[in-house]
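There are 2 protein chains.
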Amino acid sequence: MSPFRFQVTARAGRARVGLLPTPHGTVETPLFMPVGTQGSVKGLLPRDLKEIGSQVLLANTYHLLLRPGPERVRAFGGLHGFAGWKGPWLTDSGGFQVMSLGHLRRIDERGVVFQSHLNGDLVELTPERSIAVQEALGADLIMAFDECPPYPSPREYLKASLERTLRWLERSLKAKTRPDQGLFGITQGGTDPTLRRLSTLETLRFDLPGYAIGGLAVGESKEEMFPMVELSTALLPEERPRYLMGVGHPEDLVAAMGLGVDLFDCVYPTRTGRFGSALVPEGRLNLKNARHLEEKEPLEEGCDCYACQNFSRGYIAHLVRSGEMLGAILLSLHNLRFLHRLTEGAKAAIREGRYGDFARAFAERRFGREVPLWFREALASGGHW
Amino acid sequence: MSPFRFQVTARAGRARVGLLPTPHGTVETPLFMPVGTQGSVKGLLPRDLKEIGSQVLLANTYHLLLRPGPERVRAFGGLHGFAGWKGPWLTDSGGFQVMSLGHLRRIDERGVVFQSHLNGDLVELTPERSIAVQEALGADLIMAFDECPPYPSPREYLKASLERTLRWLERSLKAKTRPDQGLFGITQGGTDPTLRRLSTLETLRFDLPGYAIGGLAVGESKEEMFPMVELSTALLPEERPRYLMGVGHPEDLVAAMGLGVDLFDCVYPTRTGRFGSALVPEGRLNLKNARHLEEKEPLEEGCDCYACQNFSRGYIAHLVRSGEMLGAILLSLHNLRFLHRLTEGAKAAIREGRYGDFARAFAERRFGREVPLWFREALASGGHW
Numbered sequence: 001m002s003p004f005r006f007q008v009t010a011r012a013g014r015a016r017v018g019l020l021p022t023p024h025g026t027v028e029t030p031l032f033m034p035v036g037t038q039g040s041v042k043g044l045l046p047r048d049l050k051e052i053g054s055q056v057l058l059a060n061t062y063h064l065l066l067r068p069g070p071e072r073v074r075a076f077g078g079l080h081g082f083a084g085w086k087g088p089w090l091t092d093s094g095g096f097q098v099m100s101l102g103h104l105r106r107i108d109e110r111g112v113v114f115q116s117h118l119n120g121d122l123v124e125l126t127p128e129r130s131i132a133v134q135e136a137l138g139a140d141l142i143m144a145f146d147e148c149p150p151y152p153s154p155r156e157y158l159k160a161s162l163e164r165t166l167r168w169l170e171r172s173l174k175a176k177t178r179p180d181q182g183l184f185g186i187t188q189g190g191t192d193p194t195l196r197r198l199s200t201l202e203t204l205r206f207d208l209p210g211y212a213i214g215g216l217a218v219g220e221s222k223e224e225m226f227p228m229v230e231l232s233t234a235l236l237p238e239e240r241p242r243y244l245m246g247v248g249h250p251e252d253l254v255a256a257m258g259l260g261v262d263l264f265d266c267v268y269p270t271r272t273g274r275f276g277s278a279l280v281p282e283g284r285l286n287l288k289n290a291r292h293l294e295e296k297e298p299l300e301e302g303c304d305c306y307a308c309q310n311f312s313r314g315y316i317a318h319l320v321r322s323g324e325m326l327g328a329i330l331l332s333l334h335n336l337r338f339l340h341r342l343t344e345g346a347k348a349a350i351r352e353g354r355y356g357d358f359a360r361a362f363a364e365r366r367f368g369r370e371v372p373l374w375f376r377e378a379l380a381s382g383g384h385w
Numbered sequence: 001m002s003p004f005r006f007q008v009t010a011r012a013g014r015a016r017v018g019l020l021p022t023p024h025g026t027v028e029t030p031l032f033m034p035v036g037t038q039g040s041v042k043g044l045l046p047r048d049l050k051e052i053g054s055q056v057l058l059a060n061t062y063h064l065l066l067r068p069g070p071e072r073v074r075a076f077g078g079l080h081g082f083a084g085w086k087g088p089w090l091t092d093s094g095g096f097q098v099m100s101l102g103h104l105r106r107i108d109e110r111g112v113v114f115q116s117h118l119n120g121d122l123v124e125l126t127p128e129r130s131i132a133v134q135e136a137l138g139a140d141l142i143m144a145f146d147e148c149p150p151y152p153s154p155r156e157y158l159k160a161s162l163e164r165t166l167r168w169l170e171r172s173l174k175a176k177t178r179p180d181q182g183l184f185g186i187t188q189g190g191t192d193p194t195l196r197r198l199s200t201l202e203t204l205r206f207d208l209p210g211y212a213i214g215g216l217a218v219g220e221s222k223e224e225m226f227p228m229v230e231l232s233t234a235l236l237p238e239e240r241p242r243y244l245m246g247v248g249h250p251e252d253l254v255a256a257m258g259l260g261v262d263l264f265d266c267v268y269p270t271r272t273g274r275f276g277s278a279l280v281p282e283g284r285l286n287l288k289n290a291r292h293l294e295e296k297e298p299l300e301e302g303c304d305c306y307a308c309q310n311f312s313r314g315y316i317a318h319l320v321r322s323g324e325m326l327g328a329i330l331l332s333l334h335n336l337r338f339l340h341r342l343t344e345g346a347k348a349a350i351r352e353g354r355y356g357d358f359a360r361a362f363a364e365r366r367f368g369r370e371v372p373l374w375f376r377e378a379l380a381s382g383g384h385w
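Residue numbers (the UniProt record's numbering), protein chains in the order written: chain A, 1 to 385; chain B, 1 to 385.
Because the hints were derived from the structure by calculation, they are not lab data. Take these hints with a grain of salt, some might be off.
Where chains are identical, the list cannot tell them apart; a pair therefore holds if satisfied intra-copy or between any two copies.
Unchecked claim - Subject to a maximum C-alpha distance of 25 Å in a straight line, what follows is the list of computed BS3-like cross-link-like pairs (lysine-lysine):
#: 1; residue 1: Lys50; residue 2: Lys159
#: 2; residue 1: Lys176; residue 2: Lys50
#: 3; residue 1: Lys288; residue 2: Lys50
#: 4; residue 1: Lys222; residue 2: Lys86
#: 5; residue 1: Lys174; residue 2: Lys159
#: 6; residue 1: Lys176; residue 2: Lys86
#: 7; residue 1: Lys222; residue 2: Lys288
#: 8; residue 1: Lys86; residue 2: Lys159
#: 9; residue 1: Lys50; residue 2: Lys296
#: 10; residue 1: Lys86; residue 2: Lys296
#: 11; residue 1: Lys86; residue 2: Lys174
#: 12; residue 1: Lys296; residue 2: Lys222
#: 13; residue 1: Lys222; residue 2: Lys159
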């Protein structure tokens with residue numbers, strides 16, 4: 001398969017299984033991408049990530065631009081040579097981080113100027129610079145430079161911003177020189193259906209190897225977010241991968257996969273692991289809770305990860321209390337495996353035409369009798385409820 | 001082989017290779033024991049430790065007594081059931097930690113009273129209590145309760161202390177009930193040859209599965225320490241393992257193995273790794289040094305560890321600068337592998353009757369032309385220089 005030519009291999013309602021070829025291997029969707037902000041998924045060896053089924057790692061352009069700098073990463077052969085993960089990488093454009101880390105100094109047509117959180121330097125990021133940095137980093141999948149407006153934003157701002165993001169997409173594409181990187185466009189429009197539709201349709205005027213749904217999971221409710229996902233995947237072409245940026249809660253993955261989303265990323269599984277919590281089908285276990293100190297069972301019965309196969313909740317709770325790195329490591333490993341098992345289960349269910357059953361079984365354990373309306377609605381829109 | 005019946009399988013000068021059977025497997029000496037203070041070698045999975053050749057892990061009775069408590073560890077099946085390392089464990093007596101952590105409140109014939117660094121509680125540790133705690137923890141090798149006096153200490157204090165330690169050894173032995181744990185006695189006497197000899201000879205009146213050389217590497221110079229090691233191994237029986245406590249610098253291992261020491265432990269390789277340094281044949285690389293950011297070679301050319309096989313100094317230096325956990329993990333892994341390769345190289349050299357060559361080759365890289373006298377003297381005493 002030629003790089004980036006996405007192929008849907010199975011469908012159930014609006015959910016689908018697909019193959020996305022990249023220069024560093026073909027990956028199967030839906031999939032969750034662990035975040036390696038500074039070129040390392042915190043606490044985990046690349047071989048551990050491979051073992052638990054990670055397929056693509058995400059690195060943050062903002063962080064790597066500041067340290068160690070794009071030219072240094074290029075000199076080591078890009079992320080693949082630098083960071084020990086030989087499979088596909090995805091880099092974001094840096095835009096979101098500039099805004100979310102709050103060091104933004106100026107935003108205008110040209111781009112953004114921000115202050116480095118490391119040394120206070122003023123740094124400019126433009127579509128051209130973002131692409132140049134992403135070309136130096138060398139990821140397989142790269143992102144157009146966009147603005148992700150805060151939530152809530154006035155409608156007029158959202159509108160002006162999404163139009164600028166479209167002009168930035170055009171500049172990003174013009175700046176791009178490497179044929180071995182696939183550039184995704186990013187749709188915006190906040191939670192306004194008209195603006196979201198406008199942004200999506202205008203972005204689709206560019207024929208790209210994939211499209212990302214941006215500007216969501218930034219503070220709005222699930223009731224506001226999922227109609228935007230539904231609207232987006234209804235407009236996006238079947239034969240292109242859809243990437244819902246920054247989403248990583250298990251229930252969000254199940255709802256979004258039902259609507260035909262293929263790619264996800266989020267710091268949630270690793271961050272919540274470092275904070276001492278384990279993802280389980282019922283939600284989240286806080287290992288700081290004293291009752292876990294006595295428990296001999298694994299984090300999650302039936303989980304095949306190294307943490308669950310070899311350690312008890314009691315031991316991991318002891319590590320968390322004692323501030324031992326190994327606690328964060330085992331929880332991060334399990335939490336990522338939890339999300340990978342979730343997408344693997346979804347793939348099997350889609351292939352067997354039983355995604356509705358899969359989602360219902362998930363919801364029963366996650367929510368009990370009170371399955372929230374936003375979840376049922378998303379699944380119903382996807383043709384599964 | 002019956003547990004703890006040590007067998008010397010090869011000799012070169014005073015250096016030797018031996019087999020030490022324990023209930024959780026026979027280990028080959030000389031060996032270095034990674035320290036898992038709170039039941040975890042910081043940042044490393046048990047399978048990573050197995051892969052790099054770790055054979056025995058050490059856990060600290062002081063820490064585990066305070067948290068999670070011996071009864072909780074016992075309820076999980078002791079350290080073997082609790083902490084995911086199924087091979088042999090060794091626990092110290094807690095005495096050294098009480099003194100070195102500086103929370104000591106009282107020391108008398110009965111034992112010590114110290115203040116918990118966790119909650120301020122006053123806790124008593126006696127020979128009987130130390131053994132009871134170590135029996136609950138369930139390590140294969142346990143240590144008699146001793147006092148490790150600070151350096152320097154007045155001769156009169158050293159003398160009174162070592163005599164009390166001998167009485168504590170007797171009480172430790174009387175308190176011991178589990179036949180599946182081997183108890184080592186600990187010799188003291190500071191750097192006073194007469195007292196060191198006295199302590200060793202008196203300790204030898206107890207027929208034990210092994211003997212530890214205690215009270216060294218606590219601040220004295222190498223010139224003061226190695227004559228004590230020499231004197232000790234000359235007195236200790238050939239058919240018992242000798243354990244030099246708290247020693248982990250590579251040059252110290254090479255000198256001490258030459259004198260017939262079999263077991264070592266130290267936090268040095270993991271602690272120095274967490275602080276950003278790598279052990280190499282020439283000494284130590286500080287990865288915080290800017291020049292390493294550009295270096296594409298591994299931490300140590302020819303090292304077979306996962307860190308050296310997959311990552312450059314440049315990447316690891318980036319991780320260290322960025323405060324990424326993975327930096328500490330990769331450095332700890334390499335540093336432990338460095339010491340394990342050192343003892344493995346020593347074993348091969350002893351078997352082939354060329355320990356002198358081994359020590360000279362080590363010294364040439366480590367010290368260049370100026371091999372310190374204490375090192376040459378130790379090697380000469382061992383019959384290798």
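Structure-based check of each hint:
For the identical chains of this complex, Lys50 and Lys159 are neighbours neither inside a copy (41 Å) nor across copies (58 Å), given an alpha-carbon limit of 25 Å. Proximity of Lys176 to Lys50 under the C-alpha cut-off of 25 Å is found in neither arrangement, the shortest distances being 30 Å within a copy and 47 Å between copies. Taking CA atoms no more than 25 Å apart as the test, Lys288 paired with Lys50 passes in neither setting, with 29 Å inside one copy and 29 Å between copies. Taking identical chains as interchangeable, the C-alpha atoms of Lys222 and Lys86 are never at most 25 Å apart, the minima being 36 Å within one chain and 46 Å between chains.
Proximity of Lys174 to Lys159 under the C-alpha cut-off of 25 Å is restricted to the intra-copy arrangement: shortest distance 23 Å within a copy versus 82 Å between copies. In this assembly of identical chains, the alpha carbons of Lys176 and Lys86 lie at most 25 Å apart only when taken from the same copy (23 Å versus 53 Å across copies). Proximity of Lys222 and Lys288 under a CA criterion of 25 Å is satisfied in neither setting, with 28 Å inside one chain copy and 44 Å between copies. For the identical chains of this complex, Lys86 and Lys159 are neighbours neither inside a copy (40 Å) nor across copies (61 Å), given an alpha-carbon limit of 25 Å.
Only between protomers do Lys50 and Lys296 lie at most 25 Å apart by alpha-carbon distance; the minimum there is 24 Å, versus 28 Å within a single protomer. In this assembly of identical chains, the alpha carbons of Lys86 and Lys296 lie at most 25 Å apart only when taken from different copies (16 Å versus 37 Å within one copy). In this assembly of identical chains, Lys86 and Lys174 lie within 25 Å of each other by CA distance neither inside one copy nor across copies; the values are 28 Å within and 58 Å between. In the homo-oligomer, the alpha carbons of Lys296 and Lys222 never lie at most 25 Å apart, since the shortest distance is 36 Å inside one protomer and 46 Å across protomers.
Within a single copy, Lys222 and Lys159 get their C-alpha atoms as close as 22 Å, which meets the 25 Å cut-off; across copies the closest is 73 Å, which misses it.
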